[in-house]
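Asks: Let's have the full structure, built from the sequences with the hints guiding it.
There are 2 protein chains.
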Amino acid sequence: MYDFTFHNPTKIIFGRNTEVQIGSELKNAGISKVLFVFGKSSIKASGLYDRVVESLNQSGIHFTEFSGVSSNPILSHTHRGVRLAMQAKVQAVLAVGGGSVIDESKAIAVGAVSDKDVWEYFIGEQVTRALPVFTILTLAATGSEMNGNAVITREETQQKYNIGSAHVYPKVSILNPELTFSVSPEYSAYGAVDAIAHVIEGYFTSRLGGPAIQDRLVENIIRTVIDTQNVIAREPDNYNARAEFMWAATLALNGLPPAGIGAYSFPNHMIEHALSAMFNIAHGAGLAIVIPAWMRWYQPLKRDKFRRFAQEIFGLETGEQGIDALEDWFEKIGAPIRLDDAGIPASDIDSIAENANTLARRWGIDDVYTPGVIAEILRLAV
Amino acid sequence: MYDFTFHNPTKIIFGRNTEVQIGSELKNAGISKVLFVFGKSSIKASGLYDRVVESLNQSGIHFTEFSGVSSNPILSHTHRGVRLAMQAKVQAVLAVGGGSVIDESKAIAVGAVSDKDVWEYFIGEQVTRALPVFTILTLAATGSEMNGNAVITREETQQKYNIGSAHVYPKVSILNPELTFSVSPEYSAYGAVDAIAHVIEGYFTSRLGGPAIQDRLVENIIRTVIDTQNVIAREPDNYNARAEFMWAATLALNGLPPAGIGAYSFPNHMIEHALSAMFNIAHGAGLAIVIPAWMRWYQPLKRDKFRRFAQEIFGLETGEQGIDALEDWFEKIGAPIRLDDAGIPASDIDSIAENANTLARRWGIDDVYTPGVIAEILRLAV
Numbered sequence: 001m002y003d004f005t006f007h008n009p010t011k012i013i014f015g016r017n018t019e020v021q022i023g024s025e026l027k028n029a030g031i032s033k034v035l036f037v038f039g040k041s042s043i044k045a046s047g048l049y050d051r052v053v054e055s056l057n058q059s060g061i062h063f064t065e066f067s068g069v070s071s072n073p074i075l076s077h078t079h080r081g082v083r084l085a086m087q088a089k090v091q092a093v094l095a096v097g098g099g100s101v102i103d104e105s106k107a108i109a110v111g112a113v114s115d116k117d118v119w120e121y122f123i124g125e126q127v128t129r130a131l132p133v134f135t136i137l138t139l140a141a142t143g144s145e146m147n148g149n150a151v152i153t154r155e156e157t158q159q160k161y162n163i164g165s166a167h168v169y170p171k172v173s174i175l176n177p178e179l180t181f182s183v184s185p186e187y188s189a190y191g192a193v194d195a196i197a198h199v200i201e202g203y204f205t206s207r208l209g210g211p212a213i214q215d216r217l218v219e220n221i222i223r224t225v226i227d228t229q230n231v232i233a234r235e236p237d238n239y240n241a242r243a244e245f246m247w248a249a250t251l252a253l254n255g256l257p258p259a260g261i262g263a264y265s266f267p268n269h270m271i272e273h274a275l276s277a278m279f280n281i282a283h284g285a286g287l288a289i290v291i292p293a294w295m296r297w298y299q300p301l302k303r304d305k306f307r308r309f310a311q312e313i314f315g316l317e318t319g320e321q322g323i324d325a326l327e328d329w330f331e332k333i334g335a336p337i338r339l340d341d342a343g344i345p346a347s348d349i350d351s352i353a354e355n356a357n358t359l360a361r362r363w364g365i366d367d368v369y370t371p372g373v374i375a376e377i378l379r380l381a382v
Numbered sequence: 001m002y003d004f005t006f007h008n009p010t011k012i013i014f015g016r017n018t019e020v021q022i023g024s025e026l027k028n029a030g031i032s033k034v035l036f037v038f039g040k041s042s043i044k045a046s047g048l049y050d051r052v053v054e055s056l057n058q059s060g061i062h063f064t065e066f067s068g069v070s071s072n073p074i075l076s077h078t079h080r081g082v083r084l085a086m087q088a089k090v091q092a093v094l095a096v097g098g099g100s101v102i103d104e105s106k107a108i109a110v111g112a113v114s115d116k117d118v119w120e121y122f123i124g125e126q127v128t129r130a131l132p133v134f135t136i137l138t139l140a141a142t143g144s145e146m147n148g149n150a151v152i153t154r155e156e157t158q159q160k161y162n163i164g165s166a167h168v169y170p171k172v173s174i175l176n177p178e179l180t181f182s183v184s185p186e187y188s189a190y191g192a193v194d195a196i197a198h199v200i201e202g203y204f205t206s207r208l209g210g211p212a213i214q215d216r217l218v219e220n221i222i223r224t225v226i227d228t229q230n231v232i233a234r235e236p237d238n239y240n241a242r243a244e245f246m247w248a249a250t251l252a253l254n255g256l257p258p259a260g261i262g263a264y265s266f267p268n269h270m271i272e273h274a275l276s277a278m279f280n281i282a283h284g285a286g287l288a289i290v291i292p293a294w295m296r297w298y299q300p301l302k303r304d305k306f307r308r309f310a311q312e313i314f315g316l317e318t319g320e321q322g323i324d325a326l327e328d329w330f331e332k333i334g335a336p337i338r339l340d341d342a343g344i345p346a347s348d349i350d351s352i353a354e355n356a357n358t359l360a361r362r363w364g365i366d367d368v369y370t371p372g373v374i375a376e377i378l379r380l381a382v
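Here the protein sequences come in this chain order: C and U.
Just so you know, we're using my numbering here: the first sequence kicks off at 1 and counts up by one.
Just so you know, we're using my numbering here: the second sequence kicks off at 1 and counts up by one.
Hint data in this document are derived by calculation from the structure and do not stem from the laboratory.
Hints may be right or wrong, so weigh each one.
[Claimed, not checked] Computed footprint of chain C on chain U; a stretch qualifies when at least three of its residues, placed anywhere within it, have a C-beta under 8 Å from a C-beta of chain C:
| # | stretch |
| --- | --- |
| 1 | 9-17 |
| 2 | 212-226 |
| 3 | 234-246 |
[Claimed, not checked] One-sided excerpt, in silico: chain U residues whose CB lies under 8 Å from chain C:
| # | residue |
| --- | --- |
| 4 | MET1 |
| 5 | ASP3 |
| 6 | THR5 |
| 7 | PHE6 |
| 8 | GLY260 |
| 9 | TYR264 |
Bear in mind the structure is a predicted one, so any value in this text is a computation, not a measurement.
Backbone N, C-alpha and C define an ideal beta-carbon position, used for all residues, glycine too.
Replies: Here it is as structure tokens:
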């Protein structure tokens with residue numbers, strides 16, 4: 001077991017109707033003015049917006065609205081949020097939405113207390129403080145509700161970069177599985193792929209394969225994601241399935257699975273970030289294309305682990321069978337599994353590989369993931 | 001899945017030689033004066049005391065020593081610690097030891113900032129503040145290093161009571177598995193029994209049996225405890241086994257396993273607290289006696305869950321076989337499994353049952369656990 005530090009101070013409030021607690025949570029934290037960040041009008045149509053506003057009003061929390069966050073949130077919109085947060089002198093950022101809304105809210109929280117352009121923090125500047133972030137989650141997928149990560153895309157340069165800082169862990173995240181009943185089959189599937197992607201990166205790429213307790217934790221999360229998605233596909237408003245999936249997706253990227261596994265890398269995220277930066281596809285959709293291709297390329301390096309994966313997750317014998325089964329399952333739940341499924345031409349593989357390689361250099365894995373290797377992986381997804 | 005709140009702000013620093021970070025962790029938290037609490041002289045003999053002192057000195061942390069904490073820590077000694085903490089005007093409490101040292105340190109941290117007798121907080125007064133607690137763990141067992149619980153025994157009335165408060169979660173806990181190499185085979189075994197006890201209470205007694213993801217988490221912890229203890233029995237200084245066991249014991253009572261399982265109870269702890277309050281046996285030893293007896297008594301109420309336990313943990317068919325296998329394993333690792341093994345006379349069963357029933361009343365499970373029922377369970381351990 002390798003040395004590690006685990007510190008996750010986010011308070012999770014999980015259950016039915018919990019969003020009405022947001023006002024009192026903010027008030028208890030001494031906050032009286034927030035930037036209320038959300039995406040499109042869906043939270044108004046569902047009535048969530050009204051419930052949040054009522055809770056804020058009841059606790060005397062003033063708020064400034066900032067809407068229009070897109071999937072794959074972009075820097076120019078983040079800049080507008082930072083300016084608004086500064087003008088309104090808010091004390092906290094309240095994100096109501098999925099991972100994109102939370103990620104942009106974290107970026108705004110950093111930018112709002114800095115003299116620097118917030119993009120500086122995505123290209124190397126150290127985050128030293130941020131406004132406190134509170135979240136109400138409406139889409140289970142990214143785990144952003146319980147970690148210190150945020151990903152933003154700079155449109156003009158097609159750079160999809162991330163920050164990671166202890167200062168942007170949400171103070172409080174409210175998880176009501178009922179708020180995800182209306183998530184479409186596609187986005188439920190993408191969320192499932194994303195949660196699986198978060199745990200398999202460490203599971204396969206850590207040097208010694210991970211301590212048994214951590215391997216079993218990962219396998220538990222993957223099995224939960226698969227079992228619950230199979231129920232959700234039939235019954236979108238099955239509370240227990242939505243709830244277990246939501247909790248599994250949170251645990252998948254809250255720092256617990258990789259504790260003690262040592263160094264590992266994020267090759268699937270690296271390649272996918274290039275895909276979605278260049279073609280603006282959903283992150284989970286891009287991952288569903290990349291993962292089986294990467295697994296086939298990587299399997300010869302970790303045959304035992306891929307065999308274990310096949311056995312523990314699918315009850316199958318060989319590593320190849322496990323990869324096939326995962327790919328089949330991605331297809332079954334409605335995720336794309338080939339570049340062509342997402343309208344990405346094979347002729348762009350080399351430029352995608354170049355883009356991904358800039359991330360590989362940033363993340364220090366460019367000795368393995370040269371543009372040539374990335375292109376080789378992507379050709380397995382043609 | 002039931003509603004839950006999960007909030008565990010303790011920072012875990014895990015790995016070899018990590019104890020030398022204690023000075024800088026205190027300094028970074030703005031602390032310059034601590035009460036340094038420990039048990040007997042073993043930390044001096046091992047050299048740990050010197051390394052801690054050197055780290056404190058290097059960071060300019062002043063300290064006042066308070067030693068002599070016993071296994072099953074007692075109120076009179078806690079009172080002395082509270083007085084010393086007040087006199088020395090310390091800003092934090094540093095516990096260097098196992099669960100007993102940490103529990104007493106938490107109680108001191110509460111008492112040192114209160115006008116009331118600290119026992120008041122064990123019999124109903126709400127904890128509203130406490131000095132920050134820092135720990136260096138030397139015995140993996142109780143999970144106190146990452147939770148808000150503390151158990152103290154009031155000697156004259158043989159009351160072994162607990163507090164549970166967000167204010168006593170350690171700020172930082174340092175876990176170096178090497179510090180547990182010297183733990184005796186008996187205490188390694190008791191630690192294993194304790195960790196298993198922590199997760200099976202919720203696993204068996206929650207009303208609906210728990211969501212699948214949580215059941216598998218519990219089974220993962222139990223399997224890890226059993227597998228690692230089997231290695232530790234042969235190789236006390238096997239780093240990976242000590243490390244995985246240490247991490248499993250921490251996870252067993254850090255709030256994660258019961259998330260979403262709904263209401264559950266602690267019958268084994270209830271009965272054991274009476275045993276160790278009256279006979280001053282090690283907590284894990286008492287649990288090893290109580291658990292198989294309680295399981296045999298409780299099994300008819302949850303046959304499916306006991307069958308699952310047998311299958312998942314031991315690969316056996318029936319609930320009875322699972323209980324027998326666990327009992328055999330307790331015996332194999334050197335834990336007592338009958339009252340007689342710990343020198344407790346069967347003639348005392350009725351008075352033990354009366355003592356335990358006072359806890360059952362405190363914990364609101366006295367409708368099931370009458371003195372008669374508790375005595376019936378204990379007779380299964382004769």
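Asks: Now tell me, hint by hint, if it's right for this structure.
Replies: Quick rundown of the hints versus the structure:
Counting residues of the stretch 9-17 of chain U whose CB lies closer than 8 Å to any CB of chain C gives 8, so the stated coverage by that chain holds, three being the minimum. Restraint check on the stretch 212-226 of chain U versus chain C: 8 residues with Cβ-Cβ distances below 8 Å, three needed, restraint holds. Proximity of the stretch 234-246 of chain U to chain C, defined as three or more residues with a beta carbon under 8 Å from a beta carbon of that chain, is established by the 4 residues found. For MET1 (chain U), the interface hint holds, the least distance from its beta-carbon to any beta-carbon of chain C being 4 Å, beneath 8 Å.
Checking ASP3 (chain U) against chain C by beta carbon gives a least distance of about 3 Å; that is within 8 Å, so the hint holds. Interface hint status for THR5 (chain U): upheld, as the beta-carbon distance to the closest one in chain C is roughly 5 Å, under 8 Å. A least Cβ separation of about 4 Å between PHE6 (chain U) and chain C falls short of the 8 Å threshold, and the interface hint therefore holds. The restraint placing GLY260 (chain U) at the interface with chain C holds, with a minimum CB-CB distance near 6 Å, inside the 8 Å limit.
Interface restraint check for TYR264 (chain U): the shortest CB-CB distance to chain C comes to about 16 Å, outside 8 Å, so the restraint is violated.
Checked against the numbered hints given earlier, this structure breaks only hint 9.
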